[in-house]
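The primary structure of each chain is shown beneath.
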Amino acid sequence: MNRWLVGALWAELIAGTLAAQRPPAPAAMKPTLPDGPGRQVVQQACGSTCHGAEIVAGKGYSRDNWATVVNSMIARGAKASGTEFGEIVDYLTKNLPPRTGKAGAGGVGFIGSGPDDAHLVDGEAAERGKSVYVAECITCHGNRARGGPDSLPPPQRGADLVRSLVVLKDRYGATIAEFLKKGHPMQSGKPSASLDGPQVLDLAHFLHLKVNDTLRSGPFSEVINVLTGDAKAGAEYFNGAGGCNKCHSVTGNLAGVGKKYDPPALQQKFLFPKSFSVGRGGRGVSSTKPVTLKVTPAGGKTVSGVLLHLDDFNVSLRDDAGEYHTWTRSSGLKVEKSDPYQAHIDLLDKYTDKNMHDIVAYLETLK
Amino acid sequence: MRTTLFLFLVVSSWAQTLDPAKLSAPPTDTWPSFNGDYSGRRFSPLTKVNANNVSSLSLGWVYRMTAQSAGPFPGSIKSTPVVVDGVMFFTIPDHVWAIDARTGRELWHFAWPSRGGIHIGNRGVAVYGKWLYFETPDCNLVSLNMKDGKERWHKQICDPDLLYFASAAPLVVGNHVIAGVSGDDLDVPGYIQSHDPETGAMQWRWYAYPEVGSPEAKSWPTVEAMLHGGGMTWGSTTFDPELNLIYFGTGNPQPVIAHKGRMGDNLFTECIVAVNADTGKRAWYFQSSPHDTHDWDANQTPVLIDGTINGQPRKLLAQAARNGYFFVLDRVTGKNIVTSTFAKANWAKGLDQKGQPIPDPAKYPQIDGALVSPNQAGAANWPPPSFSPATGLFYVNASNAYSVYYIYDDTEKPEGWGGNDRGGWSETVMQAIDYQTGKIRWSHKWEGPGGPRSGVLSTAGNVVFAGDPQNNFVALNATTGQPLWRANLGAGMSNGPISYQLDGIQYVVVGAGDTLYGFAMHGK
Numbered sequence: 001m002n003r004w005l006v007g008a009l010w011a012e013l014i015a016g017t018l019a020a021q022r023p024p025a026p027a028a029m030k031p032t033l034p035d036g037p038g039r040q041v042v043q044q045a046c047g048s049t050c051h052g053a054e055i056v057a058g059k060g061y062s063r064d065n066w067a068t069v070v071n072s073m074i075a076r077g078a079k080a081s082g083t084e085f086g087e088i089v090d091y092l093t094k095n096l097p098p099r100t101g102k103a104g105a106g107g108v109g110f111i112g113s114g115p116d117d118a119h120l121v122d123g124e125a126a127e128r129g130k131s132v133y134v135a136e137c138i139t140c141h142g143n144r145a146r147g148g149p150d151s152l153p154p155p156q157r158g159a160d161l162v163r164s165l166v167v168l169k170d171r172y173g174a175t176i177a178e179f180l181k182k183g184h185p186m187q188s189g190k191p192s193a194s195l196d197g198p199q200v201l202d203l204a205h206f207l208h209l210k211v212n213d214t215l216r217s218g219p220f221s222e223v224i225n226v227l228t229g230d231a232k233a234g235a236e237y238f239n240g241a242g243g244c245n246k247c248h249s250v251t252g253n254l255a256g257v258g259k260k261y262d263p264p265a266l267q268q269k270f271l272f273p274k275s276f277s278v279g280r281g282g283r284g285v286s287s288t289k290p291v292t293l294k295v296t297p298a299g300g301k302t303v304s305g306v307l308l309h310l311d312d313f314n315v316s317l318r319d320d321a322g323e324y325h326t327w328t329r330s331s332g333l334k335v336e337k338s339d340p341y342q343a344h345i346d347l348l349d350k351y352t353d354k355n356m357h358d359i360v361a362y363l364e365t366l367k
Numbered sequence: 001m002r003t004t005l006f007l008f009l010v011v012s013s014w015a016q017t018l019d020p021a022k023l024s025a026p027p028t029d030t031w032p033s034f035n036g037d038y039s040g041r042r043f044s045p046l047t048k049v050n051a052n053n054v055s056s057l058s059l060g061w062v063y064r065m066t067a068q069s070a071g072p073f074p075g076s077i078k079s080t081p082v083v084v085d086g087v088m089f090f091t092i093p094d095h096v097w098a099i100d101a102r103t104g105r106e107l108w109h110f111a112w113p114s115r116g117g118i119h120i121g122n123r124g125v126a127v128y129g130k131w132l133y134f135e136t137p138d139c140n141l142v143s144l145n146m147k148d149g150k151e152r153w154h155k156q157i158c159d160p161d162l163l164y165f166a167s168a169a170p171l172v173v174g175n176h177v178i179a180g181v182s183g184d185d186l187d188v189p190g191y192i193q194s195h196d197p198e199t200g201a202m203q204w205r206w207y208a209y210p211e212v213g214s215p216e217a218k219s220w221p222t223v224e225a226m227l228h229g230g231g232m233t234w235g236s237t238t239f240d241p242e243l244n245l246i247y248f249g250t251g252n253p254q255p256v257i258a259h260k261g262r263m264g265d266n267l268f269t270e271c272i273v274a275v276n277a278d279t280g281k282r283a284w285y286f287q288s289s290p291h292d293t294h295d296w297d298a299n300q301t302p303v304l305i306d307g308t309i310n311g312q313p314r315k316l317l318a319q320a321a322r323n324g325y326f327f328v329l330d331r332v333t334g335k336n337i338v339t340s341t342f343a344k345a346n347w348a349k350g351l352d353q354k355g356q357p358i359p360d361p362a363k364y365p366q367i368d369g370a371l372v373s374p375n376q377a378g379a380a381n382w383p384p385p386s387f388s389p390a391t392g393l394f395y396v397n398a399s400n401a402y403s404v405y406y407i408y409d410d411t412e413k414p415e416g417w418g419g420n421d422r423g424g425w426s427e428t429v430m431q432a433i434d435y436q437t438g439k440i441r442w443s444h445k446w447e448g449p450g451g452p453r454s455g456v457l458s459t460a461g462n463v464v465f466a467g468d469p470q471n472n473f474v475a476l477n478a479t480t481g482q483p484l485w486r487a488n489l490g491a492g493m494s495n496g497p498i499s500y501q502l503d504g505i506q507y508v509v510v511g512a513g514d515t516l517y518g519f520a521m522h523g524k
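Protein chains in written order, with the numbering used here: chain F, 1 to 367; chain D, 1 to 524.
Where hints are given, some of them may not hold.
Derived DMTMM-like pairs (lysine to aspartate or glutamate); straight-line CA-CA distance at most 20 Å [said to hold, decoys possible]:
1) LYS349(D) to ASP160(F)
2) LYS445(D) to ASP160(F)
3) LYS413(D) to ASP160(F)
4) LYS350(F) to GLU427(D)
5) LYS350(F) to ASP360(D)
6) LYS445(D) to ASP339(F)
It is worth saying that the hints were derived from the structure and are not from the lab.
Just chain F, with the same shape it has in the complex (with noise of 0.2 Å):
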C-alpha cells in the first residue's frame, strides 16, 4: 500500500463522516461544574486563566487521581493557596467521582474529548458483553481487544478493534450489528448475524469500554511500582551526597513518613515539597511552609513576613502580628526572599535517577 492510497483510504473515511451530517446540537449541552462547597474556588483556580471549568467538569477520578492532576496544574502554575488546593481536592473528589458501572458512564464525549453523541458505556452491559467477546472475539482478537498476538499467522490474527472504524463509528451497536451481518468468522463456529441484537449491543458496550480503557482519562492511570531502589544507598545519599540530614532527622521530622505515605506519593512528596499530597487511607495532607521575606527601605526598619505577592515591580508581605505591608520596588528597597525548600529545589539538577528510587526506598522504610 502506498502513502498515497493509505493517505486516500483515511481521506474517504473522513469524507464518508462529513456526508453523514447530523443536526447541530445545542451548545449549553457543555457539562458545568456541580453544585458544592468548594464550587467558587475550582472555578476561579481551574476555569479562568488556562482553561474553562468544562474541562474539569467532564472528567471523573479518584481522591488520588485528582490530587496527582492537582499537582501537575501547581506545577504548570495554578494559583491558589494550600488550604485552597485542599478544598479543591475535596471538591473535585466528592463531585466528580470515576464514572464506572451504571448506564450513562464512561463515555468519550463526557470526558471532554470526542464527539457529544459518544456512545456511553453501561457497566452491566459491558460485563455481559465481555462473556461474548470472550465466547466468540478473544482468540483472534486478544484479551484486550488491541488485535491478536503477533504469534498467530496473519490470517488469525484478529484486527485490533479499540483502532478499528466499526468500533469508533458505532453507536449502540449500530455499525457493529451492520457488520456482523455480512458475515464474520466466530469462534464458535456459528454465523456472526446469529448474535441477536441484545448480544450485540452487549458487544458494543464491551468494546467501546476496552475504546474508553485506553484513553490518558481511563481508569488505568496508575504508577504500577516505585521501590526499586536500594534502602541501604538511599541511606547513604540522605545523610551524604544529598544532605537531607541537614534539615531532616528520621526519628525526629521524617519519623513514620513510610506509613504516612504510600510509595508513589512519597516520591512525589521529596522531589517536589509544595505538592499537595494524598496520604494512606485518602487523607489530603497539606502542610508546605511558606516563603518568608525580609524587606528593607532605604534607611529603614527591616520588615519580616509570610510572603504574598513579588514580581519585578511591587512586593507584599504579612508579618507575625498579622498585618499587611506593601511596597513599591525600587533600587534603594531591599528585598531578601527566603524558600524553605530551596534545598530540595537545588537538588533537581544534582539527582540521578537511581538516587531517586534509593530515596524513595529508605523512606519507605521509615515505618
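Once you've looked at the hints, dock chain D against the given chain F.
Leaving out everything else, chain D in the frame of chain F:
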C-alpha cells in the same frame, strides 16, 4: 497578480476586506493574520510606543466576554486577534467576535452549535477578501462574512469519532486556506490540508507519515505503527512567498508515552516541515525530537528570519522547541545551522550529524519513574515567541521545569498514552537568544513559581511585551531585558499581544482570561 487586482477592485467597496497580497507586507493599521505577517516573527515596526515612553501607555478600552454571549464558562482568550480596517476579530472555542479596534465595542458575535471535541483553546481566525475562517473543536473549518458574522459554509476537516479536534488558526496563502488538526487521545495520523477560500473544497492534504517503503518509513517498526503514529499540526504556519513554501511543526508520536511498539525516530512526527503551498508536496523536514516519549510536540512557531551567518545573507528559520532546544535552519534546504538549549533539558545525550538531539534511553518514561526536564508542559509551548530584526534577538517566555515520567501500561501492546508525567517544579524566564549563535544574550527570570506563559511581541520601539506569572502585562527593554512598565490584569495573560496604529494612536492589545485589554499611546 491578476487575481489580486481583480479582488482588490471587487472588494474596494466593502468596509472590512483584506487583499491577500497584503499578508506579506501588512500595513501598520492592521494585524491581518495570527502572527501579524507570514514570517511568524510578531515584530511591530511601530515606534510611537517605545522604551522611552512606554511608562505612559494607558488603558484605552476593555472588552469582556459575557456569560450571555459565551455560555456559562467562557474560559480564556487564547486567540491572537486579527485587525482589518478598524475591526478586530477574535475567538474562543465555538465563538467568534467582531469588535471595534478603537473602542472595544461589540459588532457581532457568532456561536457555533458544537457537537463535541476538546474545548481547550482556539488560536484565532484567518481572513481573505471579506471572509473569515476559523476551526471548531468538533472538526469544522467555518467561513463567515466579516461584515455581519453570518456563516457562508463549513467543511469537516477531521473526525471527532477518532478523537481528532481542531483548534489552530488557519493561514491564508494565495488562494489556499491552510488548516491543521489536533488530537492525541487515540492513535491516529496527523495531517495538514488546504482548502479553496471561495468554495471550501479541499485542495491537498499532507500526512505526517512517510511513503510505505521509503527510507523514512524505516523509522517505524511496522506499517501499522506508522499509520497510527500521530504527528498533529496544531501550531502556527509560516510562509516564504519567494520559495512558495509553508512551514509548520508536527506533534507527538502515538502512543504518546508507552513507546515500545514504535521504536525508531518516528518520522514525520516532531518535525519542522517545509511543504509547497500549491501542491502540499514536501520539500524537506528536520526532526526536533527524534523518537519523542514526553509529549513534546514540535508545533512551536517556525519563525522566518532574513539574517546573516558568517557575513553571508541567509534565508533562515528558527524554532524554540517544547523540548528545550533552539534550532536555526536554512529554510531553503532544511539544513541545520545552530542547535542550542534555551532552558533546562536533561533528556538528550548529544546531537546527531543533522544537529538533532539524540534521546537518552535512561530518560524515557520508566515504570518506577524518570526525573526529566522539561516537564510535559515543555520549555516552550503554544504561546508564540517573537523575533526582532532591530536587536537580532529571538524572545521566548521559557520554563525551566522538572517532573517524573511514568509508564502505566507495561503490557505487550500499549495504545493511546500508556503513561504520563506527574508533579513537578517550574520557573519562567524570558530568554533573549542570539539567532546567529544560539547563545542567551539576556535572561529575565520572573518572580515566583512558573506560571502560565504568555506570547511575546517585540517592536521597533525597542520594547518586548509579555506576561509574567503574577498576572502582569509587562514591557521590557528589548536590548537589555530591563522591566519598564506593567499593568496587573487580575488574570494571567492568555494569548499573544498585538499592535497596530489607527489615526496616529498606537494600540497594544492583550487577552487575560475572559477579557481583552486595549492599551493606547495618545499624543505626539
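_In rising order, the numbers of the hints this structure does not comply with_ = 1, 2
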